[in-house]
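One letter stands for each residue in the lines below.
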Amino acid sequence: MVTALQTIEKAEVLKTGAFALISKKLWLSKPAYISAIVLTILYLSAGFADFLAPYSMNFADPDLANAPPSKIHLMIDKGYISGPFVYRMERLFDVDTYKQVYSEKKYARLPVKLFTKGEVYRLFGFIPSDLHLFGVDVPGRIFLLGSDINGRDNFSRLLFGAQKSLTIGFLGLLIMFPVGILYGGIAGFCGGLVDNIMMRVAEAIMSIPGFYLLIALAAILPAGMNSTERFALITVILSFIGWAGLARVIRGMVLTIKQQEFVEAARAVGQSEWKNMIRHVLPQTTSFVIVAATLQVPNFILSESGLSFIGLGIQQPDASWGNMLKAALDNANDLYNQPWLLAPGLLIFLTILCFNTLGDVCRDILDPKSSTV
Amino acid sequence: MSLPVYILRRALQALPLLLVISIMGFIMMRLAPIDPLAYLKANPAISQETIKAEEERLGLNKPPVVQYVLWLGNLLKGDLGISTSGGSVSSLLLQRAGNTLLLSVSTVIFTWLIAIPAGVYAAVYRNTIIDRLLSIFTAIGMSMPTFLLALLLLMLATKTHILPIGGLTSQDFFERNYIGKCFDIIAHLIIPVTVLTLIGLAAIQRQMRASLLDVLQADYVRTARAKGLMENSVIYIHALKTAINPLITLFGFEFADLLSGAALTETVLAYPGLGRLTLEAVQSKDMNLVMASLMLGAIMLITGNLLADILLRFADPRITLE
Chain D
6 MVTALQTIEK AEVLKTGAFA LISKKLWLSK PAYISAIVLT ILYLSAGFAD
56 FLAPYSMNFA DPDLANAPPS KIHLMIDKGY ISGPFVYRME RLFDVDTYKQ
106 VYSEKKYARL PVKLFTKGEV YRLFGFIPSD LHLFGVDVPG RIFLLGSDIN
156 GRDNFSRLLF GAQKSLTIGF LGLLIMFPVG ILYGGIAGFC GGLVDNIMMR
206 VAEAIMSIPG FYLLIALAAI LPAGMNSTER FALITVILSF IGWAGLARVI
256 RGMVLTIKQQ EFVEAARAVG QSEWKNMIRH VLPQTTSFVI VAATLQVPNF
306 ILSESGLSFI GLGIQQPDAS WGNMLKAALD NANDLYNQPW LLAPGLLIFL
356 TILCFNTLGD VCRDILDPKS STV
Chain R
6 MSLPVYILRR ALQALPLLLV ISIMGFIMMR LAPIDPLAYL KANPAISQET
56 IKAEEERLGL NKPPVVQYVL WLGNLLKGDL GISTSGGSVS SLLLQRAGNT
106 LLLSVSTVIF TWLIAIPAGV YAAVYRNTII DRLLSIFTAI GMSMPTFLLA
156 LLLLMLATKT HILPIGGLTS QDFFERNYIG KCFDIIAHLI IPVTVLTLIG
206 LAAIQRQMRA SLLDVLQADY VRTARAKGLM ENSVIYIHAL KTAINPLITL
256 FGFEFADLLS GAALTETVLA YPGLGRLTLE AVQSKDMNLV MASLMLGAIM
306 LITGNLLADI LLRFADPRIT LE
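Those protein sequence lines, which keep their order, are chains D and R.
Per my numbering, the first sequence starts with residue 6, numbered consecutively.
Per my numbering, the second sequence starts with residue 6, numbered consecutively.
Since the hints were made in silico from the structure, they are not lab data.
Careful, some of the hints might be misleading.
To be verified - When the alpha-carbon atoms are kept at most 27 angstroms apart in a straight line, the in silico DSSO-like pairs for lysine-lysine are as follows:
1) LYS104/D with LYS164/R
2) LYS331/D with LYS164/R
3) LYS57/R with LYS246/R
4) LYS111/D with LYS122/D
5) LYS232/R with LYS76/D
6) LYS331/D with LYS82/R
7) LYS246/R with LYS232/R
8) LYS290/R with LYS82/R
Model, not experiment: these values are computed from the prediction.
Make a model of the complete structure from these sequences and hints.
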């Protein structure tokens, strides 16, 4: 929320409207274009997770815990190329290193099948199906990114984790922005004592280091909630951290806007103060709000991952990118030999990078002054 | 207004703020469905008398308002209670806060030493290859979660065994002489400071670049050029002085970010700092410790902002302290 856009060049925004301007110009920037494509792919993957994942979120094969990624083989035999296949994995105990090792059983060859039947699921929660994009016949397993300590497929869980990690950003916006905008709007519009008290409260919240507040709030969540309740409350907490900063900027903008003639004019024709604020004053902040929102989504995603990473956010057995990355920390001593454990972290990074790029481009479009820089 | 008076006034202004924070924190802790002494009771090393005394001190059998007043009174006396591990909260906090401060200050120094020249360079040689590379680098830095970078460096460190990881001192710390101790601490600081510096660099480099480019378009810079000053003195003497002002405001924010961002880095790298302490306190439901570190965090943040305001006063004589 550091990016105060008080100096927004209004002319072009007012003529075409902020949303129209963005949808017209966004595609001219190559980084924004690529980011939008990457994000679309990520969100589609999350939406179709049930179909794309070979296993369900909680499917576990305890005999194959902490397995490395399955190697996909192609055999060239007498001029013919066989379809891709995997070998069955077998867990052995290496008596020299006291570690478990996996080896491939070369006699048990399992072809990778496309559009295969597997576990039953409901796509989007209501379309029943058992079709999966790919899979191998039981008892073989295909773990593209290895399996976790419970023998669950990391690749599948990454897709299901995306459902939580990617939506929390937008859900958070739905709470934080109405609260922040209304709070700042009322404080700035009313002024005087109301403004004073409201801003002191907001300042108090801003004076607690965000992460400390976050973990303190997460800690007081009662145990024994189901995963939906917990997800909802985590979203509320995340929104609680950022709204004060937003409210302060909005208040500053409202203070300037309410000096202008059209506000006085609306008052003169008998519009109530409340309506005046909602209909005339607050819409003036749209450009800023759009940019702030685009830049806030990655913040939410980052906070959720951080929170889940330290075990206070989304809890096992539910998957989120943050709590999956925890496995990398748990295996820190041997991380070099299991780099696939970092995959959730790279996805978090990629998502944030794309949102930041989109946000920067949106800001350049709505604030031409900064785009010359 | 002279500086000491100003500082005093700001400190007095901060008091009601801290009061509001403490009330909010207290309400939050009361909302928690947790017996604040549960862990004390579960710890067999702690005697019944200690628990009784702690119950009495917190006034747990009295109404919440009385509890708050009691807590505040104890706080003012400097008595923060005992932690679930049995130690005194205040000594624990002081020690950890020192470590976090050491980490933050080293990070700030390195961040600024690298980010400012890099930002100036990118602005002066705008749109060159190096500027482009720097902007890609900062885009990555802005989007990289601290815990991911910490994990990556941790991975390298466990592989190469060049640098120590975890803690702030080695096992043989107390057998070393003074210089040996210093080197030991520095070696332990390298990885956490690198993580936080790489993350912090990006925002400051970008701001420096944008700010200098802004100033370079100003009339007085054109005048300076027109009267035949060397380009170097135009940029480094005339323009840079103005361009650096917005960055000083950023300094306060950066301090806040460090306090927050360091918590995750400290956890991943097992650095004995305030953030990790708070996190552990939260995880073990150590309410005395959580409240105390919330307050300490707020105080450090307010101090950081005050420091930024004072620095700004020295950098820009147009600004008066009021």
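Here is how each hint holds up against the structure:
1. LYS104/D with LYS164/R: OK: LYS104/D and LYS164/R at ~18 angstroms, within 27 angstroms.
2. LYS331/D with LYS164/R: 19 angstroms, holds
3. LYS57/R with LYS246/R: Roughly 61 angstroms separates the two Cα atoms, so the pair is violated.
4. LYS111/D with LYS122/D: Satisfied, since the Cα-Cα distance of roughly 25 angstroms is no more than 27 angstroms.
5. LYS232/R with LYS76/D: 70 angstroms, violated
6. LYS331/D with LYS82/R: 41 angstroms, violated
7. LYS246/R with LYS232/R: 19 angstroms, holds
8. LYS290/R with LYS82/R: This hinted pair holds, its Cα atoms lying about 24 angstroms apart.
Consistency with the previously given hints fails for numbers 3, 5 and 6, ordered from lowest to highest.
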